[in-house]
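Could you build all of it, start to finish, from the sequences and the hints given here?
Chain by chain, the residues run as shown.
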Amino acid sequence: SAVISQKPSRDICQRGTSLTIQCQVDSQVTMMFWYRQQPGQSLTLIATANQGSEATYESGFVIDKFPISRPNLTFSTLTVSNMSPEDSSIYLCSVELDIQETQYFGPGTRLLVL
Amino acid sequence: DAKTTQPPSMDCAEGRAANLPCNHSTISGNEYVYWYRQIHSQGPQYIIHGLKNNETNEMASLIITEDRKSSTLILPHATLRDTAVYYCIVLIQGAQKLVFGQGTRLTINP
Chain A
1 SAVISQKPSR
11 DICQRGTSLT
21 IQCQVDSQVT
31 MMFWYRQQPG
41 QSLTLIATAN
51 QGSEATYESG
61 FVIDKFPISR
71 PNLTFSTLTV
81 SNMSPEDSSI
91 YLCSVELDIQ
101 ETQYFGPGTR
111 LLVL
Chain B
115 DAKTTQPPSM
125 DCAEGRAANL
135 PCNHSTISGN
145 EYVYWYRQIH
155 SQGPQYIIHG
165 LKNNETNEMA
175 SLIITEDRKS
185 STLILPHATL
195 RDTAVYYCIV
205 LIQGAQKLVF
215 GQGTRLTINP
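Those protein sequences? They're chains A and B, same order as listed. If you read the first sequence in our numbering, its first letter stands for residue 1, the second for the next number, and so on. If you read the second sequence in our numbering, its first letter stands for residue 115, the second for the next number, and so on.
Bear in mind the hints are in silico, worked out from the structure with no lab data behind them. Be aware that a few hints might be false.
Stated by the list, open to error - Okay, derived cross-link-like pairs now, DMTMM-like style, lysine to aspartate or glutamate, Cα gap no bigger than 20 Å in a straight line: (1) B:LYS211 x A:GLU96; (2) B:LYS166 x A:GLU101; (3) B:LYS211 x A:GLU58; (4) A:LYS7 x A:ASP87; (5) A:LYS65 x A:ASP87; (6) B:LYS211 x A:GLU101; (7) B:LYS211 x A:GLU54; (8) B:LYS117 x A:GLU58; (9) B:LYS117 x B:ASP181; (10) A:LYS65 x A:GLU54.
In C-alpha cells:
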C-alpha cells in the first residue's frame, strides 16, 4: 500500500474564496485521483490527475471550478474556486499503485463553506 | 451509475462473522469485484478484490458465486472497530474509475 497525506485536514472558509488542498504520497505513483463526498452521500470522482498533462475531468466538473496540478509523481493539488456553501464536502485524493492497480485513499479534507 | 446492489444497513454481534452481500448481476467477464470500507470521518480503506475465485487476506474473505452475479464479504470475527460503511464495486482492472454506490452501513454491537 502507500502512505497518503492531505493538507489541510479541515477548514472553514467564506463564500467567494478559494482553497487549495494538497495530496502527498510516499512513493512515486502514476495515477492520482480526486473525489468529493458531499454530506450523507457516497464518493464521486472529480478528476484524474495526470503527471505532465492536464487533468481529466468527469461529467459535471470543470477545470475553472476545480483546477488541479500534478507537478511530479508524488504530489497533487486540488483547488476549490469561488466557493459556495454547496461546496461543503469531504475532498479525498487516491492513488493507484502500478503493480496492484488498486486505489488507496488519503484521509480526506473536510471543508465547510459559510 | 453503480452496478451493484447492497442492503442499506446490517447489524452483527461482536465476535460473530459478518456476512455482507452484494448483487452484481450485470457484471462482465473482465470485471473484478472490489470491496472498500469507510469508517466514520476517514478515507475509504481497501479490503479485498477478486475475479472469480474466492479470495482471503488478513482482513476478510470474498466469496464469489459461480455465475459471478453476486458475492459476499465475510469478516470472520467482527469487532467494534469494523463498524463502517462497506462498498462493493465492480471494475475492469486498470479502468481506474471507482463508482461508489451507497454501500451497506454495518454496525457491530457489543
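Do the hints match the structure? See the list:
no.	hint	in the structure
1	B:LYS211 x A:GLU96	holds (10 Å)
2	B:LYS166 x A:GLU101	holds (17 Å)
3	B:LYS211 x A:GLU58	holds (10 Å)
4	A:LYS7 x A:ASP87	holds (17 Å)
5	A:LYS65 x A:ASP87	holds (10 Å)
6	B:LYS211 x A:GLU101	holds (11 Å)
7	B:LYS211 x A:GLU54	holds (17 Å)
8	B:LYS117 x A:GLU58	holds (18 Å)
9	B:LYS117 x B:ASP181	holds (16 Å)
10	A:LYS65 x A:GLU54	holds (14 Å)
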